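Asks: Knowing the structure of chain A, use the given hints to seat chain B on it.
Protein chains: 2
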Amino acid sequence: MEAAQALGVDISTLCAGKGTCGKCKIRVMGEATTRLERTESEMKHLSEDEVQAGIRLACLTRLGESTVIYVPLRSRVGSQRLQTEGLDVPVEPSPLVRKYRVTMPKPQLQDSRADEDRLLAALTEQYGLPELGVDFDVYRNLPVTLREADWEATAVVWGNRIIALEPGDTSDRCYGLAVDVGTTKIAGFLLDLRSGAVVGVAARMNPQIPFGEDIMSRVTRVMMGGWDAVNELQGAVISGVNEIIEECCEKADVKPEEIYELNFVGNTVMQLLFLGVWPRHVAFAPYTPAGRRGVDVKASTLGLRANPGANAHHLPVIGGFVGADNVAVVLASKMLESDEMVMAIDVGTNTEIDLGNKDLVMADSCASGPAFEGMEIKFGMRATTGSIEKISIDPDTFDVYYRTIGDASPIGICGSGLVDAPAEFLKTGLIMPRGNFVTEMTERTDRLRKGLNGWEFVIAWKKETEIDTDIVITLGDIRELQKAKGAIHTGADLLMQRMGVTDESISKLVVAGAFGNYIDPENARIIGMYPEIPLERIEFAGNLAGTGARMTLMSAEMREYAEEISSKVKYYELAADKDFQKEYINSLYFPHADLTKYPETVELLRRFGQKI
Amino acid sequence: MEAAQALGVDISTLCAGKGTCGKCKIRVMGEATTRLERTESEMKHLSEDEVQAGIRLACLTRLGESTVIYVPLRSRVGSQRLQTEGLDVPVEPSPLVRKYRVTMPKPQLQDSRADEDRLLAALTEQYGLPELGVDFDVYRNLPVTLREADWEATAVVWGNRIIALEPGDTSDRCYGLAVDVGTTKIAGFLLDLRSGAVVGVAARMNPQIPFGEDIMSRVTRVMMGGWDAVNELQGAVISGVNEIIEECCEKADVKPEEIYELNFVGNTVMQLLFLGVWPRHVAFAPYTPAGRRGVDVKASTLGLRANPGANAHHLPVIGGFVGADNVAVVLASKMLESDEMVMAIDVGTNTEIDLGNKDLVMADSCASGPAFEGMEIKFGMRATTGSIEKISIDPDTFDVYYRTIGDASPIGICGSGLVDAPAEFLKTGLIMPRGNFVTEMTERTDRLRKGLNGWEFVIAWKKETEIDTDIVITLGDIRELQKAKGAIHTGADLLMQRMGVTDESISKLVVAGAFGNYIDPENARIIGMYPEIPLERIEFAGNLAGTGARMTLMSAEMREYAEEISSKVKYYELAADKDFQKEYINSLYFPHADLTKYPETVELLRRFGQKI
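Residue numbers (this note's numbering), protein chains in the order written: chain A, 1 to 612; chain B, 1 to 612.
Pulled out of the complex, with its shape left as it was, chain A reads as follows (with noise of 0.2 Å):
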């Protein structure tokens, strides 16, 4: 642990190298190292078969003098930028929006072509373009704007149009945005068009949130109000893409302007909103979306903020309750070109669970509220500076080990610390099974105890807060992370039942969400949020649909790639599913009611002295 902090290496811990937390799991390669004897305490926290492989806790190893060390991904902190911008999986840059310097001679008498004539063909004399259309607006500018550049002026293509043009050499200007229109978050990232990077980024609560939490209520609203609530609904999204477009603008000192191409994506009712289109019918059986395939409007006909000519484009869907969010993350985690069967859940209000290959990819969404997104939990938030994104609880002394996104004092737990606290809780026997507390458990803690509003544990005294009370989870918070946890349980078993695929059978398991900054994919797996998937085949992709979001505004290829997948997704109606109910009582359980589903939970938890 000392070395790897000396070399820089982010090996997570939460006790602070007592060897209780287990979050800083090694593998010590080769044979010349010295180890001291495997503690009790670290024993718990390691299966056999890691311990076959090497496996041991950086705080409690020391090193000898030749030793190669592998620090696991899971074992590394991780970096902010996962949970709002999701991995960065490059593209070959192609935007559809590209710009073009161009010099035209000045008319004469011998030569009084058309402003437009003049303009087309120096496109094709200086870069080979074929005849392009000029939208409207530019076209009554022509004249005025040629003459005030004097002849060299920079022309904005999208598609076989010219969409702007500027006066000069603004070449080096070229910026489109991608968003992810999530039920509860909107992330926004400003992209320099020309290289894909991502200049800026920013973040923001849905503004519809007061209209509604989740989709239904949001629905419901529209029903009672009519077009107007649709036009009310919409120019609040709207109104929150602005204000990222000015963020983004600001931190990258970039214009609104220069911003030429806008890309979105969204669950279905999230585009009909922010499309302003009537959505009672994808509410309600049989569910059907407005349209499947990609939209393209003027950003300036959605009231957005960007070049005037600029266009705006939504991904396309796959059906009612899978969206453009969720084409975008079959489209980063690359499923459709796989060999081997991937599995995808991107967690969200709605999660949303793809599952196949290159051969067929079935996709089911369910409800699964906003807990892990910090909301319907007593001290949940989203994950930002103070909020406690890691927890461990050390099973003899019960002190509670904690991180919070930027190191403050806690205010709030959000998603990853929600994952974790369950899975702690069930490790040190705080609870059972079915998700109650064990109330025996007060003779040896006094963090857990009778609240106000029933049993609570403490996660953080008061003098450690930041907000001058304990921050507890209750029992309450328990129930809404087991609904949580249990509608994806439920999506993701249906799912591999009706395609006929086992737990073994996954060669990859792509988890996708804006939990926090990292998280515990044991823990998560402790509690049954997903089928116990060997650990190394889990992989966390953060904002996953926010990563397709960039890939399709970099790249023409990739959005018909999109369209492409919109179509050959299969949509699963899991409310259909005869056996859902049953399913997901069973699933509500940590991590399941049939505990042959996770035999190495069981035997970690055995370990750690849990009689299950």
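No lab work stands behind these hints: they were computed from the structure.
Since this is a predicted model, take the numbers as computed values, not measurements.
A portion of the hints provided could be inaccurate.
Pairs count within a copy or across copies, as identical chains cannot be separated in the list.
As the list claims (entries may be wrong) - Calculated cross-link-like contacts (lysine to any residue; reagent style SDA-like; alpha-carbon spacing at most 20 Å):
#, residue 1, residue 2
1, Lys298, Phe136
2, Lys298, Arg140
3, Lys298, Ile55
4, Lys570, Asp117
5, Lys44, Pro534
6, Lys106, Ala285
7, Lys298, Gly133
8, Lys597, Ala229
9, Lys44, Leu336
10, Lys106, Ala576
11, Lys106, Ala283
12, Lys568, Asp117
13, Lys483, Asp579
14, Lys298, Leu132
15, Lys463, Asp446
16, Lys298, Arg606
Replies: Then chain B, alone, in the frame of chain A:
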């Protein structure tokens, strides 16, 4: 004449059979005719060739038992239609807008395709249409429209996009509007896009006239007033078109929302002001248009009253002074398909002249002024009810025979009457080739007199008129007509000289423009409006620009052809011709300073006893 009237053949006459006006020329075929001897009066109107060819005046000819009579087109009254509508040149209907009635299976859980996919699939299945685009406004309302329509609707398809979607079956209602936006007059034609039938016609003075009667004064107005003035002028012409739409729709019992496409022609400055483009640059050397190509823009963007999804197309232009109206004339005259040399003259406030055949067509333009549209002429008026459209003067008594449109009491003189007046003055010795009145003629007729503003000739006495005043032609009027016809002649003559084309080699002269019902080709030639081309080669086409506008409304092929014409026709810059000034001055004479150019006219004038 009597036989013709009995048979319903509309032979022209102004003198009511007195044998003096010479309008009722017919050809007597075969031998079995009892002829009256030709009178001196008849012989005045007949050339040697005509006598040889058996031409006589109908009113002075008695029929035998089985005489066959041929009535040449120019001796027929013609119809009001020609003036506003122009010749009818049929095209195979292939409009860009089509309607498709479509029924869709209702959504259900087993078929929850997106509304858009459902609609597109039905169009493909039922009509073999490729995957269409959907206008954003249609898209926004798709879920509501389709459900209101109970899955039976009519899709309005423009090009490869759905621009409107209507509940039920509206496929029998599909209209388009073709509009000729002249500097002085706007003429609109409402067409049934399925058949091509004209179902409504309306015309208005261009509401831009108060901003300046000619192009230059309107451009000056814009230069003084800036963009506000552009918007004002654009608003004026749009409001005029909207009035025309309303009138046409009322006449034909069509709703403006049933108009799905509008097709516009006009000169280049009219094009710019119609589209709201800054027009200064086209009015000054080197006279560059903003765009040469045709322009498509949503009608609603321009503020036109039509279906919200309707497209407005402006036909391409050729150059700064040869506009879309001329493209329409070249198209309707089919000169670019002709083996032989064709000349087209489109008389208006600006007159455009085209000359050529399938190998090459050149065009020029002259500022002929609005005299032949009745402007700047004391009693000039546009060709409507009560306007004198034909004038004939008895060479002995100087009695004036005239015909008004609608046979109403006269209120003024329209273009065709204004062509007749100087020609009749010349034939009867009332004016000399320079255009001055022969004041000695006051001894023979009290119609010639000195009025308040100089010499004038009374066409209709106060007691005959509706306006309680003598209708006269003043010397000032004659000067205006000289300038107008002189400009036209110069444009035609110089184009012929530069292309090496002689009078004889022109196989057809198409004269277009809204003069009145039927212009007298001989009188127009007598005053030297155009070169001395044999009368049988002269064809009056009325509003041929309007004809072309209708053809390119009805046919996608014709619209493509218009683009071809726009790029193929070569503009000849008259103002840059070194002989322009000299040629113009010579052309001010009736018919011309160089009488060797007009041998037939000289012969005719001599037959009438004029010593020139």
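Asks: Are the hints correct? Go through all of them and say.
Replies: Hint check:
no. : hint               : verdict
1   : Lys298 with Phe136 : both (12 Å within a copy, 10 Å between copies)
2   : Lys298 with Arg140 : both (17 Å within a copy, 14 Å between copies)
3   : Lys298 with Ile55  : neither (55 Å within a copy, 68 Å between copies)
4   : Lys570 with Asp117 : between (47 Å within a copy, 15 Å between copies)
5   : Lys44 with Pro534  : within (18 Å within a copy, 113 Å between copies)
6   : Lys106 with Ala285 : between (63 Å within a copy, 12 Å between copies)
7   : Lys298 with Gly133 : both (15 Å within a copy, 15 Å between copies)
8   : Lys597 with Ala229 : neither (46 Å within a copy, 78 Å between copies)
9   : Lys44 with Leu336  : neither (39 Å within a copy, 92 Å between copies)
10  : Lys106 with Ala576 : between (68 Å within a copy, 19 Å between copies)
11  : Lys106 with Ala283 : between (59 Å within a copy, 16 Å between copies)
12  : Lys568 with Asp117 : between (42 Å within a copy, 14 Å between copies)
13  : Lys483 with Asp579 : within (17 Å within a copy, 93 Å between copies)
14  : Lys298 with Leu132 : both (18 Å within a copy, 19 Å between copies)
15  : Lys463 with Asp446 : within (15 Å within a copy, 119 Å between copies)
16  : Lys298 with Arg606 : neither (60 Å within a copy, 71 Å between copies)
Checked against the numbered hints listed earlier, the structure breaks hints 3, 8, 9 and 16; every other hint is satisfied.
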